[in-house]
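Undergrad: Given next are the chains, with one letter for each unit.
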Amino acid sequence: MGLFRDIRKNAWLYLLALPGIIFLVVFSYLPMTGHMLAFKDYRINKGIWGSPWVGFKNFRFFFGGVNWLPVTRNTLFLNALFIIAGLGAAIVVSLLLNEIRRAAYKKVVQSVIFLPYFVSWMVVSFIVYAMLNTKDGTINRMLATLGHAPISWYSSPQYWPAILTIINLWKSAGYNSVILLAAIAGISGEYYESAVIDGATRFQQMRLITLPLIRTTILVLLLLALGRIFYGDFGMIYGVVGDNTPLLATTDVIDTYSYRALRNLANFSMSSAVVLYQSVMGLIVVVVFNAIVHRVDENARLF
Amino acid sequence: MLVQRNIRPKRRMIRSAGKDAPFSAFVYVFVTLFALMCLLPFWLMFINSFAKESVIARDGFTLFPKAYSAYAYQFLFQNTRVFSNYRVSILVTVLGTCAAVTVTSMFAYALSNKKMRYGNAISFMTYFTMLLGSGLVGFYILMVNWLHLKDSLLAMILPYLMNPFFVFVLVAFYRGIPYELNEAATIDGANDALIFFKIILPVAMPSIATVTLFFALQYWNDYFLALLFIDDYKLYPLQMMIRTLISNLNAQQFISGSRTAYAIQIPTYGVQLATVCVTVGPIVLLYPLLQKHFVKGLTIGAVKG
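These protein sequence lines map, in sequence, to chains V and W. First residue of the first sequence? That's 0 in numbering that gives the first Met the number 0, and the numbers climb one at a time after it. First residue of the second sequence? That's 0 in numbering that gives the first Met the number 0, and the numbers climb one at a time after it.
Any given hint might turn out to be false.
[Claimed, not checked] Computed spacing ranges between beta-carbons, pair by pair: (1) V:L223 - W:M204: 49 to 55 Å; (2) W:M204 - V:W52: 34 to 40 Å; (3) W:I46 - V:E192: 44 to 50 Å; (4) W:V93 - V:F60: 42 to 48 Å; (5) W:I186 - V:R7: 43 to 49 Å; (6) W:I46 - V:L223: 44 to 50 Å; (7) V:G64 - W:I46: 43 to 49 Å; (8) W:P21 - V:V286: 43 to 49 Å.
[To be verified] Think about it this way: if two alpha-carbon atoms lie no more than 16 Å apart in a straight line, the pair counts; the simulated EDC-like pairs of lysine to aspartate or glutamate are: (9) W:K114 - V:D197; (10) W:K51 - V:D135; (11) W:K114 - W:E182; (12) V:K134 - W:E52; (13) W:K65 - W:E52.
Simulated from the structure, these hints should not be mistaken for laboratory data. A virtual CB, placed ideally from N, CA and C, is assigned to each residue, including glycine.
With the sequences and hints as input, model every part of the structure.
TA: Right under this line is the structure:
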């Protein structure tokens, strides 16, 4: 009742919202019915609704198999590396960039470190290939001039957590440091003036004033990243690694695993079970971290 | 504001005059090295796309190749493949961005308006999609089996039409616009749609511009949707062309479109590099504009009050 009255009263507003509402229903809520397939045996001719229920069979298959542990471990481990290295680098870069007093130089540097953020993963993938391919890659050429034998990067999984971390740092450190710099710009100059009178060095000002005052922003960034710790960066990992089997041991994350289950094996039910597992874990993680961070810092929370 | 470096310290610190000099030097060196590290791959791609294929084969990718030629570009633009892929990328980006900005900005305005009693419910409905994803499988079945969008341009446009994050960025911005503007227009007899298009939209232009660029970047750089739904290489966007060039060992056949091209010497690396350069090109050209609005947008969206 109330809804229809409201729609008649604010017809134009609802009309403005309508395309968005249709989008949400079609592209966000309708596909959620796909989660049901986690408990079904999907038959293409019967569709989502008609396929027979099989209880937890798909989950037993996934958790009983050899893949779930490495895939989960890779997802968490790689994301942890990305967060530590990426956010750490962003903090260091933004703090140091803030110490540069030549405005023009600061601006140039800021533009340059932000540039990688705008490049697609496919381009990054090619750059990585140009750097690492065994025969003509820049790194192997450099190793050769140092008298070192070439390393076959694309068949040596042990190097890839480090490689992916470097790629992630290269692409996102600039972006995150711009956010942090915005927070730093909001700090009142009076703090620094009184610190200078007390004889604080520039380094002390950085450590004792700037860093504590951007703590909330750092925590928000950390929380955003931690909330997605169960979600691998598909664009990056599939873009750079692709279906390169020798590397899967250290690079296969939940997202790439479920993608391959769907596309290469056409195993819809299994892929569904993996995705539902990921969604539920992701939801739990967001709620838990939100509560923890809220306890640590009153202002830092997402909802 | 922070130039009073020569004020003498009162406490503990023993080293006094010029005590910041080593730190300052470290700052400049570190920041400059990091910036160079960010820039280096771009330079390598750019300069080597003009290198002679034989030089790349001999020396690898170097900072300053020994001999140059534009043959790779000539070769790339000789056949129609790159043009059709370019056309797809431009079409998807332009159509997608226009539609996405329209849908998202209208939707966000309705949510920001306090008159709508069910606005909060719709807000929550939007927010919930950020918490629980719809999942790859359901999405795939929706696109392929229900909407029949396989091998269609729409498959690369529709799924990104709205983004909850940008919706909330815009809602926050609209809420900052004085409500009196709205009231005055209502008294003058304007309806909510008219108010939005004639009054709110022009005022909100800076943040709309930011969201527009975010969308444009997303459409231009995406390969995920094409990977999932496009099998017809004529409908590939540029990003997929790069992917095919890297993964396909037989790049030669892909470029020339037939097996009969064996007689010509194909600059394989050159063509890959040139493709990367024409893909990144528009972004680098628009970069000053992009950067300005992105920095502004980040400070609206990410630094929560």
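Undergrad: Take the hints in turn and mark each one as holding or not.
TA: Right, here's what the structure says about each hint:
1. Taken as a hint, the range 49 to 55 Å is violated for the pair L223 of chain V and M204 of chain W, whose Cβ atoms sit roughly 27 Å apart.
2. Under the hint 34 to 40 Å, the C-beta atoms of M204 of chain W and W52 of chain V, about 53 Å apart, miss the expected range.
3. Roughly 47 Å separates the CB atoms of I46 of chain W and E192 of chain V, a value that falls within the hinted 44 to 50 Å.
4. One distance hint, 42 to 48 Å for the beta-carbon pair V93 of chain W and F60 of chain V, holds here, with the actual separation near 45 Å.
5. For the pair I186 of chain W and R7 of chain V, the beta carbons lie near 21 Å from each other, so the given range of 43 to 49 Å is not met.
6. For I46 of chain W and L223 of chain V, the hinted distance range of 44 to 50 Å is not satisfied, since their beta carbons lie about 37 Å from each other.
7. Taking the beta carbon of each, G64 of chain V and I46 of chain W are about 48 Å apart, inside 43 to 49 Å as hinted.
8. The supplied range of 43 to 49 Å is met by P21 of chain W and V286 of chain V, whose beta-carbon atoms lie about 47 Å from each other.
9. For the hint linking K114 of chain W to D197 of chain V, the alpha-carbon distance of about 54 Å lies beyond 16 Å, and the restraint is violated.
10. Between K51 of chain W and D135 of chain V, the direct Cα distance comes to roughly 14 Å. Compliance with the 16 Å bound is thereby established for this hinted pair.
11. Proposed proximity of K114 of chain W and E182 of chain W is supported: the alpha carbons are some 11 Å apart, at most 16 Å.
12. A C-alpha spacing of about 14 Å is found between K134 of chain V and E52 of chain W, which places the hinted pair at or below 16 Å, so the restraint holds.
13. Proximity of K65 of chain W to E52 of chain W is assessed by CA-CA distance (about 11 Å); at most 16 Å being required, the pair is judged to hold.
Going through the hint list in order, the structure does not satisfy hints 1, 2, 5, 6 and 9.
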